[in-house]
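Chains as they are written, first to last, in our numbering: chain S, 1 to 417; chain E, 1 to 417; chain Z, 1 to 417; chain D, 1 to 417.
The list treats identical chains as interchangeable, and a pair is accepted whether it falls inside one copy or across any two copies.
Calculated cross-link-like contacts (lysine to any residue; reagent style SDA-like; alpha-carbon spacing at most 25 Å): (1) K320 - Q36; (2) K205 - G23; (3) K337 - K347; (4) K309 - H32; (5) K414 - D334; (6) K378 - M328; (7) K342 - S353; (8) K320 - L356; (9) K205 - L170; (10) K378 - R217.
Honestly, the hints are just simulated from the structure, not real lab data.
There are 4 protein chains.
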Amino acid sequence: MVYITNKCKIVNDPVYGFISIPGDFIYDIIEHPWFQRLRNIHQLGLAYYVYPGAVHSRFQHSLGSLHLLSLAIETLRSKYIDISPEEEEAASLAILLHDLGHGAFSHALEGSIIRGVTHEEITLMLMRLLNKEFPGRLDLAIDIFTDSYHRKFFHGLISGQIDMDRMDYLRRDSFFTGVIEGSVGSDRIIRMLNVVDDSLVIEEKGIYSIEKLLIARRLMYWQVYMHKTVLSAESIMEKMVNRARELSLQGTDIFFTPALGFLVKNNISPADVNGKGGFSPEEIAKNFVMVDDTDILMSAKYWINAPDKTLSVLASRLLKRDLLAVEMQNSPFDAQKVAEKKELAEKRLGIDSQYLDYFVFTDEVYNRIYSPEIPDIKILSKNGTVESVSSVSDMFDHDSLSRKQTKYFMCYPKECR
Amino acid sequence: MVYITNKCKIVNDPVYGFISIPGDFIYDIIEHPWFQRLRNIHQLGLAYYVYPGAVHSRFQHSLGSLHLLSLAIETLRSKYIDISPEEEEAASLAILLHDLGHGAFSHALEGSIIRGVTHEEITLMLMRLLNKEFPGRLDLAIDIFTDSYHRKFFHGLISGQIDMDRMDYLRRDSFFTGVIEGSVGSDRIIRMLNVVDDSLVIEEKGIYSIEKLLIARRLMYWQVYMHKTVLSAESIMEKMVNRARELSLQGTDIFFTPALGFLVKNNISPADVNGKGGFSPEEIAKNFVMVDDTDILMSAKYWINAPDKTLSVLASRLLKRDLLAVEMQNSPFDAQKVAEKKELAEKRLGIDSQYLDYFVFTDEVYNRIYSPEIPDIKILSKNGTVESVSSVSDMFDHDSLSRKQTKYFMCYPKECR
Amino acid sequence: MVYITNKCKIVNDPVYGFISIPGDFIYDIIEHPWFQRLRNIHQLGLAYYVYPGAVHSRFQHSLGSLHLLSLAIETLRSKYIDISPEEEEAASLAILLHDLGHGAFSHALEGSIIRGVTHEEITLMLMRLLNKEFPGRLDLAIDIFTDSYHRKFFHGLISGQIDMDRMDYLRRDSFFTGVIEGSVGSDRIIRMLNVVDDSLVIEEKGIYSIEKLLIARRLMYWQVYMHKTVLSAESIMEKMVNRARELSLQGTDIFFTPALGFLVKNNISPADVNGKGGFSPEEIAKNFVMVDDTDILMSAKYWINAPDKTLSVLASRLLKRDLLAVEMQNSPFDAQKVAEKKELAEKRLGIDSQYLDYFVFTDEVYNRIYSPEIPDIKILSKNGTVESVSSVSDMFDHDSLSRKQTKYFMCYPKECR
Amino acid sequence: MVYITNKCKIVNDPVYGFISIPGDFIYDIIEHPWFQRLRNIHQLGLAYYVYPGAVHSRFQHSLGSLHLLSLAIETLRSKYIDISPEEEEAASLAILLHDLGHGAFSHALEGSIIRGVTHEEITLMLMRLLNKEFPGRLDLAIDIFTDSYHRKFFHGLISGQIDMDRMDYLRRDSFFTGVIEGSVGSDRIIRMLNVVDDSLVIEEKGIYSIEKLLIARRLMYWQVYMHKTVLSAESIMEKMVNRARELSLQGTDIFFTPALGFLVKNNISPADVNGKGGFSPEEIAKNFVMVDDTDILMSAKYWINAPDKTLSVLASRLLKRDLLAVEMQNSPFDAQKVAEKKELAEKRLGIDSQYLDYFVFTDEVYNRIYSPEIPDIKILSKNGTVESVSSVSDMFDHDSLSRKQTKYFMCYPKECR
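Generate coordinates for the entire structure from the input sequences, incorporating the hints supplied.
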């Protein structure tokens, strides 16, 4: 007698080879339209304008994170850490859904479509709604996601200095951009995981891999995520959405794809998302899950012909990849220099002074190798003591790790060079 | 004194590492909005519904093919084949632009948006228009593309049994799907290239790599391109577009994104594309280059709420990835069996009999390892004679290579299993 | 409380990443000097004379095969095939030790050091001796190895058309030679394994991967294993060993490293290996396990200065990689042509006619895509029937698969070109 | 007419795919027995005792370094740095031959076989002898190797903080060990190379790749090169050779393979190598080039049966991989602790007190991320200024880069745990 399982439980992944789906409920969640929607959201916003291969989606990243979590659980169990099937499912759900609240173009428009709300807050809103649809089945997953479960290491696997999210995105983004130096030995790090006093720790001999992870992350940060041309492209897109919103709120009749229009024109607020505003989470969710990258690109195609010159030019530049010039440096730009560029833009391109801010502007971005507000990476020495990575590593001290590195950039039309 | 070239001439590619852009004019063509548009067209249609990594674009594939062509020219020159800078630029343009005429979702909707016209014909139309924009600069490229240049091997590099297009797509599709068995030793094959009597040949010791290429292509064909779930998804998309067109031509007011609407509602014909219809190539091009995958996905979002039930259900199933069941076999389906499925669909889902063909249907796909209508792969033996691969290989004979392999599939709603 | 296992159970492998050692006894066997010895035996004989990367050892290959077996067992268990811990250990031992009987330079000198005995026979001899050392612990492993265990699929995993040995060597040899086309989707094939009526079968959708495996094997065969320069190098080495043996048996005092000398000078026979000769298996084993590649290379260094000109020239040519010219063709060489080369060798190099056979000779090699004497690859269709791959594949028929492909080569000194 | 080059000029390499040999003279040098000898020298000493894949040879590494040099020259020429064909050949020879002076097991026995002489000194001796064999053809290569050529950047490509040697060994060692975190973006770094005032510089945007390189090197250092088990194995091998030398110099009749015996028994000195001793460079070279890893392993097989217990035990432990236990820490070991281990060894294993130092010993190893004595890595900013990496990087300062990191290890028999 031959048994063949009904549901396809194996997914091909170019990064890991094959990903097994652990269980039928997880599979059903993956099939859910809300999760399928992530297929049409670029993991790296407009990074594909610079790295043509970086067209991978949040869908893949979520599956990849799930895969790493399965490996982590397998490792921990082999070290006699007790993990129940319920905990495994809950942690799997939490990592699988952790990016469900990402909107069009991921971070690039985060806060631009729904103002003042992070993607994590929307994730939580959507998880709670799914928990109604599958009554109570996501209770524990939500606890882990919000760090209210007492076995803290589960949250650490989902969100922390060395979580499965980060491990996957570094490997995956490195793979798809072709920036191979960003790759991370996720296999080795995961095999070094352990749990002491309900906290995630790394065994001592993994210290060099951790150092490598931190440096790889830094490299990806400046070389990919904050690449100046990517910043220029994403700034244009953000300005474009802002201009459309502004015009619309001023009463101008501006085209929006329907669900995007709902979110923008109604100025959905944090209160709404948290269930204390004029719109219910159900109403917001219904529209939110219909918005993905295609809404932005499609709206931009309409906006090329908008009567408003500013909106039209921004949309056209975005779609034709006719980006603004960009300079990047370690200190803020001189106000005088910005003023000169504006003057040039006014003179050479005839941009009305009230719209100059859309085309000549400065901004800043920053990075820390790791975030001091998140619990430290803990290293488990062979004699059983647990210490902070910054006290164990002879390479990094706490200062160099948590120092905030800020860069400043200025964008302006190429014609003003 | 340090010279740094002004134009970025190197592109990161996850498959090959780095791709150098050979020359400023090639670079300008890549920057052209018509070429940039390829960023938003999936290389493999809806294959990403089965292989989540297969989100790569025609843009990358075109750059990759260009890269392989550069390697091929380098190899041929090292074997004392004379290739002038003009020929190099022309061949580079021809391979770079060979897919410019692909529409939304590549092959999946080829012939559905503009009926009766292949993507090659549209490519040619667009190349001719570019040749007006850059007066005469594409003359030779067009000759090579249409095989009217007397040194036939240039066309062979662009389009033939072992062209750079195929070499790139097999490697790239294998890379992004994760189906590693489809990978192809493009480096080795390219190093085996030579030219005899103006024809492309493969040196004898490359014979096993060629056999491997043919088998890899066959594997990719059935495992990816014609994967039954991919066929099911793409059939739904095609039926959806057809239904929208049909309703529109019947006079129903159906939403289309603007440029897509132009092409569909005007029923653009082969005559138009060839400059002998009611619409000029300029008019067609202007709209064609504004249509990409986002137009289809966005229109589908509107169509979910269309009054026409058929259109609405097709759009909904597509977007939610709620696909039809599909069976595949080596012989045609029994008419009786199809009729039974239709009956079930009518009974269980209440589909009106006149619309059953949208939900229960059969179709066929076929493959040949290589195409008998295209010039054979020629093998150059060590003693200088040139023979057909089918007479040299002790593995394949001409019959097995050119035999048409047909498979039949039937789709129907899962509820009718 | 933190548990850290005492024995290192994870090995880094460049092909698979990490290999876990399943259990303490398996670990002890790996640590055994007889197994450690495999570190100094090149997996691919002298292929590294052509492919510099092909310096990998039988040690790695044995570990790699073990790893694939673990994956296969995991897959089969997930399909509800019952496999006991004892069976798992026995199968693991059988695959781990399957190449224990390989001597210096693997296949290249198989039959030259101990005449008339295959490496499998020596493996069996050594396994039986180990079974005395660890009383009875290898009983079941030996049954599986000799195909005397009733659940035949275990033997099929160790030795058959799609065994783990072949799967590993194709991937590994491809990896280390850099002939990437030889790579095999071992992950996919293993996931398609199943067992019907105690026989190993491949599920239907794995058919293209199987076709690919067969072609990849064929490619590796002719491009690597039987590469003409490799054949030339290995022929010289074999002739050299034969000449040394001959001289020694004639009574000439020829240097041999000690254990190698024992095997060669005593003319160890099949009867000895099978325990029916003048030397006991224990005595043979004691010497056999001390011989590896270094004995041959070291003896050759001595032989460079041997008074016998033939031996001296062969050793010198081998060590300096001053190989014989080699021609390869599909039909036997004309006797006349060989005679001419001999005449030239005599004239130009002054080789005495009685020694000409050492420098001018022909030989043949052959390959079958698969071996008709071994049970067929069986394909399990979706409806549960089991058929031969040759009746299911529309690419291969039984004839093309089992056809013996013979090639002939002739070697002679380069000076006789 | 078809031209096929006579000499095979392309080599398959698993790391880079294909390596082209630039020119016939380079090819002849590769075919030279002195260079072929490198095939039998492990690049990483006994690292393959821990990482079974690390069996790659100095031969491959030398070819790989040559390949990277070719890429570097191509890059520099594309930036209008004038490099003549003579300079290209000389630099190619210098990098190709840079490791010619490595003896058996590379660094592991450096200074043990020929005392007080580095491999670079022997390389120089051998290059000078080759320069006699090919009169004057290596003049410029020797100048570049010894840094006496006025265009300093050539030496920088051969030997410096970011030379092609280091770039290849990090990538290659990472590839063969499977420690993927050690991999280095050699392609990217090479494309960032430039020359200012005859010095090698890195363009500014390569700064993150340089940081990554430094950290990867550090990781490989502690995780592979100085892995404690590797240190234990190599210490045993070194002690074994030392013991054999000692016995031999005391007049005991100890077996050595012939050429190894010449070097050890004659106590070849730095003066000899520099042509000012009792033996001529020709005599030394003649023997030196006959010694490779096989001499050590073969001698060890003889030594197992040596009457001297110490030598016999060391040889046996080495060959059976029955290594000493090893502890590693950041501070020197307490003398008291070492004394206790010795006492245990005497008591439990009956080792005579005068030989205890062979089995219980401490040693230290150290690493610097980069070497302060070698010219700094220089970064070329976009405005044309050149600065030290330590002043440009906001991650590393000069102190952290050049700080000497020392680790201490102690070995002792496992029975004394």
